[in-house]
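Novice: First to last, the protein sequences are chains A and B. The numbering of the first sequence is our numbering, which starts it at -12 and goes up by one. The numbering of the second sequence is our numbering, which starts it at -12 and goes up by one.
Take the hints with a grain of salt, since some may be wrong.
Because identical chains share one entry, a pair is satisfied inside a single copy or across any pair of copies.
Once the Cα atoms are required to be at most 20 Å apart in a straight line, the calculated SDA-like pairs of lysine to any residue come out as [claimed, not checked]: (1) 68 to 137; (2) 68 to 27; (3) 309 to 31; (4) 130 to 31; (5) 130 to 63; (6) 68 to 4; (7) 68 to 129; (8) 130 to 23; (9) 309 to 323; (10) 45 to 28; (11) 68 to 130; (12) 309 to 8; (13) 68 to 133.
Think of the hints as simulated: they come from the structure by calculation, not from any bench.
2 protein chains.
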Amino acid sequence: MTATVHTFPGKTTPSLDAMVQLVAADLNQVNAVILARMQSEVALIPELAGHLIAGGGKRMRPMLTLACARLLDYGGARHHKLAAAVEFIHTATLLHDDVVDGSGLRRGRRTANIIWGNPASVLVGDFLFSRAFELMVEDGSLKVLRILSRASNVIAEGEVNQLTAQRRIETSEDQYLDIIGAKTAALFAAACRIAAVVAEREDATEEALDAYGRNLGIAFQLVDDAIDYASDGATMGKDAGDDFRDGKVTLPVILAHARGDAAERTFWRDAMEGRRTSDADLAHATRLLETRGAMADTLDRARHYGQRAVDALGPFPAGKAKAALVEAVEFAIARAY
Amino acid sequence: MTATVHTFPGKTTPSLDAMVQLVAADLNQVNAVILARMQSEVALIPELAGHLIAGGGKRMRPMLTLACARLLDYGGARHHKLAAAVEFIHTATLLHDDVVDGSGLRRGRRTANIIWGNPASVLVGDFLFSRAFELMVEDGSLKVLRILSRASNVIAEGEVNQLTAQRRIETSEDQYLDIIGAKTAALFAAACRIAAVVAEREDATEEALDAYGRNLGIAFQLVDDAIDYASDGATMGKDAGDDFRDGKVTLPVILAHARGDAAERTFWRDAMEGRRTSDADLAHATRLLETRGAMADTLDRARHYGQRAVDALGPFPAGKAKAALVEAVEFAIARAY
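All chains, please: the whole structure from these sequences, using the hints.
Specialist: Right, dumping it as structure tokens:
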């Protein structure tokens, strides 16, 4: 089977529908675990956690665990608890991210830190993170614990790295790829890999699913970073231009800066260092990204990683699960169009 | 052997010296693990973590693991990595606490959030927390993982509970004990209990060491909360009156409020709700704590838990390790004098 990433406008728009259908019954079980295990006698915990967990998330990462388990014909139920653990880790990082970035909008809703304050967001994040480890301990696989504790550590390291790179226009494409590989792709990779662990498959299967998740994660983040310059809050669910105003040096900026003339480079430095943050500056930035082909090439890079994700699925038999995983890649990229 | 908590001024001042001597060689190993495992290519991580980890901490919790292991004549080395994990968990909670409280001074030094900002403190805390789990996974005991993931979750829950109780003068003594049992005593208990796990002792030994650590932790926190009204930044290493100004309803305040007349109750409500925060108000509060016997009785409660900690050691044979653990209790309480 040769699979191609279809991302051209005009074709049927790729969606997560196939994956949602594939894992619907399992996802109900995961949601039941999530709901049961985010409870606490301290009412603020389920209140705050529920705002984010119930608030329109796609459950992308737990769905990947479930879909990969289906790909391997896994017939057990261990992955429900572990997929919930993955979602808890993800939610904890979102809560802390919003504090770190001072964000006000996520998934089209006000962020928890705006409603309940930074202290509550930090601490409920810690609660969910440690609860994720309790779920893994209950499952009892040291291998899963190793994969997800490593991923969690890599994520935190990537977030600090991003903080260090913030407002530094000198950030290279390699550094940028290191950062998104850590802060986004590591958890995608781990979410997929643990399906091979519960299905007790050989190392090569673990590696293949890890590669699928990792490349999908990179594609996903590249598209996110492009969309930040091409959408408004309504379509993206977060404030457009957030990265621009926060001085986050993402790939579109790196490419436009590298290809720009002296005046453009000065503009980008000023912008990233916080001296050009108006709506007119953002509009100017968006034009430069277009004229320098930075948007198109960022999406081209995304397609490259998307194709690698699809090719990592090569060893697996065709079927509904594989088709759903391929379409998830197409969906990740098509969001930009 | 009958052991008594000696806390009267005039006697030889109890110290941690006996414990430090007892575990000195082991602690060197633990410090080597800590130093090696807080490293990262992202320079900000060891820089920030080192500020707190190298910055005058007593290593109380890892020393408890080591001393309890000595009490059990444990001859292995597994506890070095696990004691480092305990210290990483503790350091992560300190980093997040200082963000939550907006603290400026800890152990007599400027806090990390003041020097590097809240975002870095949140994320390096996450790094250390996940690194702690990596260390536990390397050790490979699911029992230890269960104990420390549970303790971490209880700590986070206790911190959120404290946040909810903040500025609420109605907080009861029971609620307060729940909070400090979670935020402080849970990690003391876990640090001691894991020594019995690595030494492969029966459940009763685990329970006894857990009880020792838990009661010591409660005594320790009660004394801390009393000291906050009885010291200056120089002797305590943090800003005196912090709890008062933050509206933290600790036991001294609960007792003074319960025993106060109408005017005093109004004062305490105003103070906890943030309407009386001047130095004169703090001085007035301190006087009320004295006249109502709230300081004396908080320390009396601390001695009660200290005595329970000592009695939990009853089943263990006399010797250097037991003497050091008893003196640690005496030290925890004597800090108030």
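Novice: It remains to establish, for every hint, whether it holds in the given structure.
Specialist: Hint-by-hint comparison with the structure:
1. 68 to 137: both (18 Å within a copy, 16 Å between copies)
2. 68 to 27: Intra 18 Å, inter 31 Å, cutoff 20 Å: intra-copy only.
3. 309 to 31: neither (40 Å within a copy, 41 Å between copies)
4. 130 to 31: Intra 33 Å, inter 30 Å, cutoff 20 Å: neither.
5. 130 to 63: within (17 Å within a copy, 24 Å between copies)
6. 68 to 4: neither (23 Å within a copy, 46 Å between copies)
7. 68 to 129: For residue 68 and residue 129, both the intra-copy (15 Å) and inter-copy (17 Å) Cα distances are at most 20 Å.
8. 130 to 23: neither (25 Å within a copy, 23 Å between copies)
9. 309 to 323: neither (23 Å within a copy, 66 Å between copies)
10. 45 to 28: neither (27 Å within a copy, 33 Å between copies)
11. 68 to 130: both (15 Å within a copy, 19 Å between copies)
12. 309 to 8: within (13 Å within a copy, 61 Å between copies)
13. 68 to 133: both (16 Å within a copy, 15 Å between copies)
When the structure is compared with the earlier hints, violations turn up for hints 3, 4, 6, 8, 9, 10 and for no others.
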